[in-house]
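> Residue-level listing of the chains:
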Amino acid sequence: MGKIEAVAGNGLLGRRAFLRGSLAAAAVTGYTFTKSASAETLADGPWSKVPGELVAPYNLPSHFEKNAVRTLSNPKGEPRTSHARTPHHLLNGTFTPNGLHFTISHAGNPDIDPEQHRLAIHGLVKRPLVFTLDTLSRYPLVSRMTFVECGGNSAPMFSNEPIQASVQALHGLASCAEWTGVPLSTLLEETGVDPKAKWLVAEGADAPALSRSVPLKKALDDAMIALYQNGERLMPGNGYPMRLLLPGYEGNMNVKYLRRLKLVEEPAMSYYESRTYSQILPSGKAYRFFFLQEVKSFITQPSHGLAMKGPGLYEISGIAYSGTGRIAKVMVSADGGASWAQAALQEPVQSKAFTRFRALWRWDGGPAVLQSRAWDEAGNVQPTRAQFVAERGETRKPPAVQGFPNQHFNAITSWAIDAKGEVKHVYA
Amino acid sequence: MSTRELSRIALLLALGANTAIAAGPNLGKPLTAAEIAAWDISIQPDGTGLPPGGGTPAQGARIYAQKCALCHGEGAKGGASSALVGGAPLTSGIETVKTIANFWGYSTTLFDFIRRAMPWQQPRSLTNDEVYALCAYLLSINKITGENEAMNAETLPKVKMPNRDGFIIRFPDRI
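Those protein sequences? They're chains E and W, same order as listed.
Residue 294 in this note's numbering sits at position 273 of the first sequence, and the numbers go up by one each step.
Residue 124 in this note's numbering sits at position 127 of the second sequence, and the numbers go up by one each step.
Just so you know, the hints here were simulated from the structure itself, not pulled from any lab data.
Worth double-checking, as some hints may not be accurate.
[Claimed, not checked] With a Cα cut of at most 27 Å, we get these calculated BS3-like pairs of lysine-lysine: (1) W:157 / E:217; (2) W:74 / E:418; (3) E:445 / E:330; (4) W:26 / E:238; (5) E:97 / E:70; (6) W:155 / E:219; (7) E:97 / W:74; (8) E:97 / W:64; (9) E:306 / W:26; (10) W:64 / E:217; (11) W:140 / W:74; (12) W:26 / E:217; (13) E:306 / W:155; (14) E:219 / W:157; (15) E:147 / W:64; (16) W:140 / E:219; (17) E:147 / E:219; (18) W:64 / E:306; (19) W:74 / E:306.
The structure displayed is predicted, hence computed values, not measured ones.
Construct the entire structure; sequences and hints are all you get.
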C-alpha cells in the first residue's frame, strides 16, 4: 500500500486518500465522549448466552444510544416556543431519522385527527377547492430529499465571543428527510390561478394558526404538500398530517398542519414574516422576505464535546447544503484556513439536500483549527465569519444559546483542538 | 385498467366530460363563499379581511388587564412574555428586541396576530370588538395613535407604523 500524502497543512489528506484505495492500510480512529476501555479479550457477552428481547412493533434505538436524542428548550411546556435540536455529532449519512428531526413548536404540537383535517385553497383562484388527506393520498405522489432549516439556526454564531456549545446547540435546527407528497402546482392547476395572484398566504391548524406569505413563484416551482417523511406519515412535530414543503426556504415558511392556502396580490405581512424572521442589520434597517437558506457547511465529527483518542488518522466529516441547489465542492482546513484540501462528497449529491463530506486527516497531537467551506452549483460561496459579520453584524455580548434573536447565519464554523485532544469552538 | 384510472373515468362522467377540467385527478371538493368566509381569518395590510366592529384604548386597557397582563406584564411592560410597549432604537445593535413601536411595519399585523394566536392558552377566543380594542390600546400606549383614538376597519389600516419604511427585501427576484 502506498503512503498517503498530505495535500494541505497540518496533516490534511483530503479526499484523494479515499480515491487512491490506500485507505485499507490505514486504521482510522474514532472520536469519543469519554475514555472508554476497549475489550481486551474475545469472549461471548452475557447477551450471547440467552435469548434476547421481544421484537417490538415499532423499532426504537438501542438503550446504549440514549444520548442520541434531541435537546429541548422548553421541556415543561411553558407558554412559549419549544425547540428540539438534532444531534448532528451523533449521526452520520445525509438524512435525519424522524425521531431526531428538529422541531420548533410555537404552542405545542396539535393532536390532529387526520380524518377531520381539511386543506382549503381559495382567494384569487377560479375554483376554490377543499381536500382531505384521503383525496390527496390518491394523487400521483412525488418524493424528494430536502433539508429544512429554521431561519434562526446557528444564531449563537452571531455572538461577539465564541459560545462553547455542541454542534447540536449551534446548528441543530436543521435536518434532512425524504418527503413524499403532491406537487402544489398540480392542485393549483385544478383550482386555476387568477393572473392577479402573486402570493399565497399559508395557514396551519395549530393553536396560533401560524401564517406565512409565500411567493406564487415558489409555489409553482418546487413546492409540495408533504404527506410522508422518510417513508412514514409526518411526525406530529413536523406537521402531521400535512405540511407545506418549500425546498431551500426558511423553515417557518414550510407551514405545518397546513389547512389553508389563500391566493392574494400582496403579502399579508404576518407576525412571523414582518417581525420574527426579519433580520436587523447594523444600519438599523432590516431584511424582510429573506426566504433562502444560503450555502452552508459545518463539521460534525470532530466537534465540540467529542474528544480525540490520541495522535493518528481521523476522518473529518460534516454536512453541507444550499437552498439554491446542489453542493459543488467542500474544502476543509486543519490550520484555521491557511491551507485547504478538497473533501470527498458522498454520492448522490442532491439539490437542496444535506450532502455528507469527508476528508482524512493525520493528527500529530498538536494544536489544530478545523474548518469547512462549501460552494454550491450556482457559484455561491460560504463566507468566512469575518466576512459575514462585517456585513451582518454581531451581538454586543453573548446571547442565550437557545434563543434566536438573529437569523440566517451561514458562515464558517471553526473547531480548535488542543494538545489534550479536546475540541473547542473558536473564531478563526 | 387500474382502479385509479377507472375511478377517474367515473369522475369525469359524473362531472360531465365537457367541463373544463385540469389534467390532474380532480379530487378537490368545491367550496362555497359562505364556507370560505367562516374560515378565512387573513387580514391584508390594506385592511382587506378586517371584520365589522371597533374598540377604544380604554376598553382595550380593561381587556388587557384581564387577558394579557398575566404573560405580558402590567401596563404591557413585559413579564414571562415580551413587553408590548416601548423599544430601543434599531441602531442599538442587531440583537435589539423587536417591538410594536420600533419594528412592526403594519398595524393590521396586530389585529391579524392577536385574533389568530392570542391569548396563548385560548387562541381565537376574543371577539372582534375585543381585538380592535386591544389594537387601540397597544397603539395608544406606544404613542402611535391618540389616547382616545378608536380602532375599526376604517381607522386601523390608516395607522402608519413608525418603522414602515425600515425594511429591505433580501432577494427581490424571488418574489
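> All the hints need checking, so say for each whether the structure fits it.
Here is what the structure says about each hint:
This hinted pair checks out: residue 157 of chain W and residue 217 of chain E have alpha carbons roughly 26 Å apart, not beyond 27 Å. For the hint pairing residue 74 of chain W with residue 418 of chain E, the CA-to-CA distance comes to about 23 Å; that is within 27 Å, so the pair holds. About 15 Å separates the Cα atoms of residue 445 of chain E and residue 330 of chain E, which keeps this hinted pair within 27 Å; it holds. This hinted pair checks out: residue 26 of chain W and residue 238 of chain E have alpha carbons roughly 25 Å apart, not beyond 27 Å.
Between residue 97 of chain E and residue 70 of chain E the CA atoms are separated by roughly 42 Å; this puts the pair beyond 27 Å, and the hint is violated. Between residue 155 of chain W and residue 219 of chain E, the direct Cα distance comes to roughly 23 Å. Compliance with the 27 Å bound is thereby established for this hinted pair. Restraint check: the Cα-Cα separation between residue 97 of chain E and residue 74 of chain W comes to about 25 Å, which is no more than 27 Å; the hinted pair holds. Proximity of residue 97 of chain E to residue 64 of chain W is assessed by CA-CA distance (about 22 Å); at most 27 Å being required, the pair is judged to hold.
Restraint check: the Cα-Cα separation between residue 306 of chain E and residue 26 of chain W comes to about 45 Å, which exceeds 27 Å; the hinted pair is violated. Between residue 64 of chain W and residue 217 of chain E, the direct Cα distance comes to roughly 40 Å. Violation of the 27 Å bound is thereby established for this hinted pair. With a C-alpha separation of about 14 Å, the suggested pair residue 140 of chain W and residue 74 of chain W falls inside the 27 Å cut-off, and the hint holds. For the suggested pair residue 26 of chain W and residue 217 of chain E, the alpha carbons sit about 23 Å apart, so the restraint of at most 27 Å is met.
Taking the CA atoms of residue 306 of chain E and residue 155 of chain W, the gap is near 23 Å; set against the 27 Å cutoff, the hint holds. A C-alpha spacing of about 24 Å is found between residue 219 of chain E and residue 157 of chain W, which places the hinted pair at or below 27 Å, so the restraint holds. Our distance criterion of 27 Å between C-alpha atoms is broken by residue 147 of chain E and residue 64 of chain W, whose separation comes to about 41 Å. For the given pair, residue 140 of chain W sits about 34 Å from residue 219 of chain E by alpha-carbon distance, which is inconsistent with the 27 Å threshold.
For the suggested pair residue 147 of chain E and residue 219 of chain E, the alpha carbons sit about 15 Å apart, so the restraint of at most 27 Å is met. About 33 Å separates the Cα atoms of residue 64 of chain W and residue 306 of chain E, which puts this hinted pair outside 27 Å; it is violated. Between residue 74 of chain W and residue 306 of chain E, the direct Cα distance comes to roughly 25 Å. Compliance with the 27 Å bound is thereby established for this hinted pair.
The structure fails to meet hints 5, 9, 10, 15, 16 and 18 from the earlier list, while all remaining hints are met.
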